[in-house]
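Work out the full structure: start from the sequences and follow the hints.
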Amino acid sequence: MTRYIATRFLLMIPTLLTVAVLIFLLVRVVPGDIVELRLVSGGSYVTREVVEAERARLGLNKPLGAQFVDWMTGLVRLDFGTSMWSGAPVSQEIGLRLQLSLELALLATVIATVLAIPLGTLAAVRRGTWVDQAVQVFSVAGLAVPSFWLGILMILLLLGTFHWLPPLTFTPLWVNPVANLSQLIWPALAVGYRYSAVASRMTRSAVLEVLREDYVRTAWSKGLAERVILRKHALRNALLPVTTVIGLEFAFLIGGLVVTEQVFNLNGVGKLIVDAISHRDYTLIQGLMMLVAAGYILANFVVDLIYGWLDPRISYG
Amino acid sequence: MAEAALPARIGLAVRPHPIRRFLRRYPLGAAGASLIVLMLLLGIFSARLAPYDPVAADFGAQFRAPGGAHWFGTDAYGRDVLSHLLYGARTALVIGFSSSILGATIGAIVGVISAYFAGTTDLLLQRLVDILISFPIIILAMAIVAILGSGTVNLILAIALSFIPRAERVVRSSALAVRETVYVDAARAIGAGHWRIIFRHMVPNVVAPYLVMLTAFLGQAILLEASLSFLGLGVSEPTPAWGLMLRGAAVDFVQRAPWMAIFPGVAISLAVLAFNVFGDALRDALDPRLRT
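Which chain is which? The protein sequence lines are A and B, in order.
Start counting the first sequence at 4; every next residue gets the next number (the numbering used here).
Start counting the second sequence at 13; every next residue gets the next number (the numbering used here).
Just so you know, the hints here were simulated from the structure itself, not pulled from any lab data.
Everything numeric in this text was worked out from a predicted model, so none of it was measured.
Incorrect hints may appear among the rest.
Claimed, not checked - Below, in silico cross-link-like pairs of lysine to any residue (SDA-like), each with a Cα-Cα straight-line distance of 25 Å or less:
# : chain 1 : residue 1 : chain 2 : residue 2
1 : A       : Lys-65    : A       : Glu-52
2 : A       : Lys-65    : B       : Ile-159
3 : A       : Lys-65    : A       : Val-30
4 : A       : Lys-65    : B       : Leu-160
5 : A       : Lys-235   : A       : Leu-125
6 : A       : Lys-235   : A       : Gly-250
Structure representation (C-alpha cells):
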C-alpha cells in the first residue's frame, strides 16, 4: 500500500514536467512578446533601448533553453517567479487567494454531494415516475444555466429580500465564521448547482445499474426492507463511479469559480486567472496553469486512494 | 399502380420515416430540435425581425421597463434588449457552430490517425491529450485567448482548440474498433494507402460518435462563448452577444433594471438546454453505448 502510494506519487512528477514544458512553449510560440504587448501596443511611443532594458529585466533576452532552466530551477525550489504585472512573487499572489477559493470549492462540493446522492438515488428507485422526471429536469437545467447568471439572479433575490450586497472584503473563517459562511454560501450554491447536476446524473445511472444485479434481487426476495437494500447493497456499490465524478469535478471547479468569483466580487484564484489573462502576465499565467494541472493530477490521485478504501476488492499490492 | 403497391408488400410502408420515428421516440429531443430551428430562424432573420438597431444608443430611453415600444425593455444605453438578444443569437450560433464543427472535425481526424498508426504516434498523441484534458475547457480556452488575443475569430479558434483533445479521445476509441474490422484488412490487402484507408474506410465509420460529440459541443460552445464574453475575454463591445449583455451594467443596475440581466440569461440557458437535450436524444438514437 505504502509502496503503491509512493510510486503513484512519484509518477506525478514526469506528468507535471510535461505540463510545464507545454505551458512554457505555448506562451512563447506567438510572435511578439510580453514587453512589446505591454509597452508598444498601449499606443505610446517607446524607444528601442527601453524595450531592450525591460526584456533584460524580465530575463527574456536569454536563449529559450536558459529561460526554461531558470524557470525549472525556480519551480523545484517552489519559486514560481515574480508576476510581470504587480512585481510580487507569483506564489504570494496565488497564496493570498487560494484560501478563499479552496473554501468555496469545498463548500460547493459539500452542497453538490448532499444534493446529488439522495436525488440521484431517489430518481433511480422511482424510475419513470414524476419524481424521476423532476430530478432529470433539475439536472438537465443545471447543465444549461450559466453559473454566473445564477449568481446574478441570487444577488437580485437577496437584494430584494434582505437588502444584501456581496461584501467588498473577504472575512476568513476563523475571524468570523458566520460572516464568512453567509458570504460564501451563495457563490457555493451557484457553482454547486452545476456540479450536483453532473453528480446526480451519475448517481442515477450507477444506482440503476446496481439495482439490476442478482444480489439486489436476492435481497428483495429475502424480504429485506427497501431502506436496508438501498443503503447496504445498492448505494455502497454505486458509490465508486459517483466518487470518480465528484473527485474529478472538484478539480474542474476552478472553471466555475472563474466566472462566479467575478459576479460575487470575490478575490479568489478564479479572479486572479481572469486578471492574469487580461494583463497578459505570462509568469503568473504559467504558475496558475501549473496549479490547475497539479490540482487535477492530485484529485486523480486522491480518487484512486478513496477507491481502495471504498472497495476492499481493490488492493494496491 | 404496381410501383405504389411495392413498398407495402415488402413492408417498408409500415416503417415510419427515420425522422418521424426519432420525433416520436424522443419527444424531448424533438422539442430541443424545434427550439434550435427557431433559434436559427431568429438568428438568420434578426436584421428583419429586430425592431431597433441593437447597438444604437438612445439616452432618452435608458432603463425602460419591458412593455410598450420595448417588449423586453432597454439597457443602460437605452438600447433595445429584444433587438440585442436577436442579434446576439446570431453571434452565439455562428461562434457555436463554427467552433464545434472545427474542433470536432480536427479532433476526429487526429483520433482516427492516432488509432490507425498506433505505436509511438498513438502513445505520444495520447500523452499530449492526457495533459490537455487535465484542464477545464474554460481554463484552456482562456489560456488560448491569452496567447492569441481576443476577437471573434480568435475566440472561435480558442473554443475549437479546447474541444480537440476531447473529441480526439472519444473518436479514437471508436476508431480502434474500426481498425480491426475485416473491410479495413481487405482495403489493405488490395493495396490501399494509409490515407485512403483513413479517409475512405475509417472516417465514415466513426460518424456516429462524431455527431454525438458535435451536438454535445454545440451547447458547451454557446455556454463557453457567453462565459468568456462575460469575463471580457470573448466577443468585444459593439458586437451584440448574450454574455456581454450580462457584463457590467446588468450587474450594477440589477435591482433597478432586472430585465437587463434576466432575458439574456434565459436566452443562454434555453439555447444550451435545446442543444443538450437534442444531443442526448441523438446519442441514444445513434449509439446507446455512448450513454454516460
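Now for the hints, and whether the structure bears them out:
About 16 Å separates the Cα atoms of A/Lys-65 and A/Glu-52, which keeps this hinted pair within 25 Å; it holds. This hinted pair checks out: A/Lys-65 and B/Ile-159 have alpha carbons roughly 21 Å apart, not beyond 25 Å. About 16 Å separates the Cα atoms of A/Lys-65 and A/Val-30, which keeps this hinted pair within 25 Å; it holds. A threshold of 25 Å between alpha carbons decides the hint, and for A/Lys-65 with B/Leu-160 the separation of about 23 Å falls inside it, so the pair holds.
For the given pair, A/Lys-235 sits about 15 Å from A/Leu-125 by alpha-carbon distance, which is consistent with the 25 Å threshold. Proposed proximity of A/Lys-235 and A/Gly-250 is supported: the alpha carbons are some 22 Å apart, at most 25 Å.
Every hint, counting from the list given before, is met by this structure.
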